[in-house]
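Residue numbers (my numbering), protein chains in the order written: chain A, 1 to 236; chain B, 1 to 883.
Since the hints were derived computationally from the structure, they do not count as laboratory data. Where is the CB? At the ideal position from N, CA and C, for every residue including glycine. Among the hints, a few may not be true.
Said to hold, decoys possible - Here are some of the chain A residues that sit facing chain B, going by a computed Cβ distance under 10 angstroms:
id, residue
1, E32
2, L56
3, T60
4, E142
What follows is the residue order along each chain.
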Amino acid sequence: MSILELQNVEKIYGEKANRVNALRDINLLVEEGEFAAIVGTSGSGKSTLLNLIGGLDSPTKGKIFVKNREIGSLSRKELTIFRRRNIGFVFQNYSLMPVLNVYDNVALPVTFDRGRHINRKYIEELLQELGIWDKRRKYPSELSGGQQQRVAIARALVNKPHVLLCDEPTGNLDSATTIEVMGLLKASCRKYGQTILMVTHNEAIAQTCDRVIHIEDGRIVTGKRIYPVKGGDGAC
Amino acid sequence: MLKLAWKYMRYYRSQTLAILVSIFLTASLLSGISSLIYSSQRNDLANHKNIYGDWHYYVETDRELYESVQSGEKGGGYLLERCGKMEIRDVAMEEFLICFIHTDETYRQMAHRDLLEGDLPVKDNEIAADGFVLSNLGFSGNLGDPLRIGDKDYTVTGILRSEWAASTSEMEVFVSDSFAGRGSQTFLYLGFDEDVKLYRQLDSFLQEHGLSSADVVNNEEVTQYLGGEEPAGIYETVRFGLTEEEGNFTYIVLKLQSDYNLAYHGMILLLCLFSIFVVYSVFNISVAKRTSEYGILQTLGVSEGQLCGTLLLELWILFITGYPLGCFLGNGILSLVYRKFSGVFGGRSTVGAAGNGLPAADQTLAEGTGTIRFDLSWDAMIFGFLFLLTALAAAVFLVIRSLKAQSLKKVMSGDTSFTKRRKIYALRPVNMAGVVVRKFMFANKRKVIGILLSLSIGGCIFLCTTYMVENLKIHAELSLKSDDGLGSEYRISLKSNSLNDTIPKAAADKIKNMPETERVYAAKYTLGEVTQIEELEWDSYFDDQNTEDYFAERYGGICLPQADGTYKIKYDVYGYDDELLGQLDEFVLEGTADPETLRAENKIIAVALMDGQGNYYFYGKKPGDTIRVRVPQKDNYTDELLKFQSGSENYIEKEFEIAAIVSRPLAREQGFLQEGSYRDALMTGLIMTNEQMEENFGIIDYSFINASPAEAMDANEVSNRILQVIRDIPKAVLQDYTAAIETQKNYLRQQQIFFSSIAVILLVISLLHIANSMNHTILTRRREYGIIRAMGITDIGFYKMVLQTGILYGVLADVLICLVYNHILRRIMDYYMAHVLQFLHVQTEVPNRILLGIMALNVVIAAAAVMFPARKLMKETIISEIT
């Protein structure tokens with residue numbers, strides 16, 4: 001069952017002489033529970049694709065369906081709430097709130113839903129799982145890159161989203177931490193049944209995913225080797 | 001560097017514009033206000049020249065020197081631009097002392113005794129005088145008619161302009177050169193070059209002509225603006241104020257004001273500091289936006305010196321463009337409004353009324369006739385230019401120093417300087433957006449304090465100005481009441497210094513019962529002596545008065561030490577009616593001024609002495625204590641009795657309990673101890689009811705009456721009716737203040753509007769500054785706000801969050817305003833108004849609606865100031881904010 005579908009998506013930046021076709025004619029289907037890597041050179045359009053899927057940006061043309069809802073048809077407010085409840089983000093630069101400690105950073109997205117109960121047990125479980133429970137009172141500036149990325153992952157998972165979008169989550173990490181973070185993502189994917197789309201320019205990391213989507217000059221390149229979903233049950 | 005500076009200016013257009021506007025506005029304010037104060041002082045000088053004469057000193061000389069010195073005389077160290085000559089040829093003792101004087105044209109110009117009608121006298125039996133003198137001598141009003149003075153008839157050939165100080169008992173009658181009197185006293189009236197310190201020129205003049213400085217009379221009211229006396233050194237003044245027992249802060253302020261024009265120079269300095277504060281903070285925000293770029297430039301090898309040069313060039317280009325334009329605008333607008341606010345700029349008549357020799361109403365008369373000129377304060381503009389140019393260079397230096405302290409890595413990693421509390425907020429039900437707002441706000445305490453200060457400064461200035469204006473209004477009203485007697489339009493008094501001359505009770509009753517008048521207050525007067533004063537803490541208080549010839553010769557001195565260690569002090573003793581006593585309430589320092597109690601218990605009200613710094617004192621006595629008072633007997637009265645040295649059978653002595661101590665009397669005698677230039681030299685007074693004056697001292701008749709016209713009555717008709725009543729009372733004169741009071745009220749309104757407008761301008765400038773600071777505060781958090789948006793906060797949620805920030809800043813600024821205003825600024829203002837400006841009874845509060853208005857405005861402004869950048873942020877994509 002597909003959780004994500006892109007139909008003839010096109011994204012153009014600028015006008016006339018400055019016009020840049022960031023994405024052209026993108027058609028993509030992602031199954032529920034799939035861990036897919038989007039690979040491409042710098043400027044190929046992979047991050048743009050991720051931002052469009054996440055509703056952080058809107059396509060110039062085409063339609064994007066997440067959980068069978070076309071996100072382009074949603075109002076600004078509906079889209080915000082939909083994104084909050086269904087999509088989690090992990091950024092390369094972690095994008096943590098510097099003025100909040102680890103625990104509060106993770107709990108922050110939950111509090112945007114008025115009246116929603118903060119599941120503290122779940123947050124503790126997440127932080128224990130990610131190995132940063134003992135760091136819960138620390139501030140981002142007091143953590144290493146790997147630890148900050150774990151906090152970012154925990155924050156992305158706290159609303160139990162169906163889709164996790166990771167933009168170069170290991171881009172700022174050393175190789176040992178990279179392996180660690182990839183392991184965590186996979187474990188999370190498996191444990192919570194999430195679909196993960198991860199942008200990376202690292203071919204080796206991409207190879208560890210269920211599927212690799214290559215993008216070049218704003219198009220998905222078909223001739224590349226595509227890996228099948230491991231295990232057949234959709235679990236990563 | 002110039003190219004780089006230019007590129008930066010063009011790229012960061014909005015910031016460049018913000019700096020330019022801040023320079024432009026502050027330059028307008030600086031130049032405009034300075035020019036206003038300067039013009040105001042120039043007009044004060046012009047007014048004082050009108051009132052006290054356009055001369056600096058006069059000196060009595062022998063005839064030889066009198067003949068030889070001429071206008072335009074230039075000597076070693078002086079330039080005598082004008083020299084007026086006045087010779088007293090004779091005097092006549094009528095009801096008044098009349099001087100027959102012969103003058104030259106220069107003197108008449110200097111003393112503003114222009115010929116209004118007719119001709120100057122040519123023959124020996126011809127005279128000219130002003131309307132006031134002629135009407136009091138009983139002149140028919142038709143030129144050419146005879147007028148009898150003494151035992152001789154004169155022909156009146158011309159009417160001259162009245163002198164402002166027409167309240168003296170000396171009257172001048174102008175005669176021709178052919179008039180042969182019984183004597184000759186010659187005086188030179190000196191007018192030196194006003195661009196050079198006058199005291200130096202006078203010294204040179206005296207030296208050159210072998211004159212003694214003891215013979216010189218200084219026209220202090222005029223020369224105080226022109227360096228009439230050698231100033232004390234600033235260091236000496238401050239040292240004395242801080243170390244000597246008699247010195248204090250007020251002494252320093254007043255001394256610096258008199259010697260160095262502190263109000264003008266201090267205001268220029270304050271405005272310069274305000275300007276640099278605003279410009280620096282706008283500039284700092286602008287630089288903060290490009291800190292990382294400067295970091296990159298440094299890593300690329302651009303030296304600190306080059307960076308400094310680039311910034312300096314940028315700032316100086318903007319300054320050199322904005323400053324002259326600002327000066328042009330400030331002076332332009334204010335020169336237009338200046339004439340409309342003519343009453344504001346002769347302000348001493350109300351603010352400094354305590355120290356003037358003339359009634360406030362007389363001064364407004366003088367101001368009313370002068371042409372109001374707007375003079376540019378080039379001094380202030382040039383000083384401001386140089387000061388700001390240098391200060392901006394220092395600002396650039398400070399900015400570069402702060403850049404030096406920040407590494408590029410630090411800049412890129414964001415603000416980590418906040419206090420890291422280990423508390424986890426999410427463990428309890430909490431609005432995390434609110435937590436984030438508070439964390440953002442208080443992350444950097446220095447920044448928060450800076451923003452709160454800039455938020456509060458406009459409000460504080462506005463409140464202080466309003467406080468001052470409110471008290472100025474009350475002071476002006478009280479001052480007018482106590483200066484000319486309740487602000488009454490008419491005053492009937494006696495041109496006499498003899499207690500034998502009085503206004504009969506019947507005449508007073510007639511005036512009271514006239515349908516044309518209302519609020520008629522008839523007052524009794526006698527000169528008294530308070531005896532057995534034991535404590536004289538202010539032992540030097542009466543030193544000056546004791547050495548005055550007038551007081552010594554006529555009253556045998558003012559404060560006389562006795563063999564038993566006590567003192568006897570001359571006092572004005574007044575009898576007021578109940579209504580007048582009721583109005584004394586506003587002036588009560590201690591006790592109660594209830595007429596019934598005064599009558600029933602034969603108590604008395606004492607007027608406290610006030611020093612030059614607004615402190616009150618009555619020989620250590622309080623209500624309930626007693627004083628002994630002696631007054632001359634009515635029977636066998638002669639002026640000699642006023643010395644209080646005759647036998648005790650000539651005096652009535654009584655003991656009174658003090659019911660209240662007040663700061664001022666209301667209706668006051670303008671002769672005796674308050675005669676002419678001695679007015680206000682002594683503020684001694686005792687007050688009781690009219691009935692007590694009769695019972696205790698046998699005084700039935702009145703000495704002066706204040707009256708107002710009944711509603712809708714024609715002023716001329718009222719004055720004619722009063723004149724008819726007093727026509728047969730010897731030495732009675734009528735002074736009409738109708739126009740002067742109206743002018744005074746109009747000027748007061750203008751002052752209020754003007755000062756409030758200046759406060760509003762300052763408020764607007766600080767609001768612009770607030771908007772800029774808040775804009776910066778929000779935009780520096782754009783990445784964090786972007787993250788929050790990416791995490792899923794809705795637009796409304798985001799606006800609410802930002803609005804919370806604004807409101808919180810507004811509320812905190814309000815708290816700060818309340819604290820700073822109530823606990824610091826108001827106390828300073830109270831001290832300043834009571835001791836430096838010497839306001840009567842500083843007690844009026846800023847109206848609640850203004851206070852609440854400022855509070856609400858602050859919150860609204862802070863909220864609006866955050867909502868604009870918030871809207872800007874919402875228009876951007878989340879991606880552009882977080883990447």
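Results for each hint:
Because the closest C-beta pair between A:E32 and chain B is about 21 angstroms apart, greater than 10 angstroms, the hint is violated. Annotation: A:L56 was flagged as interfacial toward chain B, and the flag holds, the nearest CB pair being 5 angstroms apart, inside 10 angstroms. A distance limit of 10 angstroms between C-beta atoms decides the matter here; for A:T60 the minimum to chain B is near 14 angstroms, and the interface restraint is violated. For A:E142, the shortest C-beta to C-beta distance to chain B is roughly 7 angstroms, which falls under 10 angstroms, so the interface hint holds.
Consistency note: the structure conflicts with the earlier hints numbered 1 and 3.
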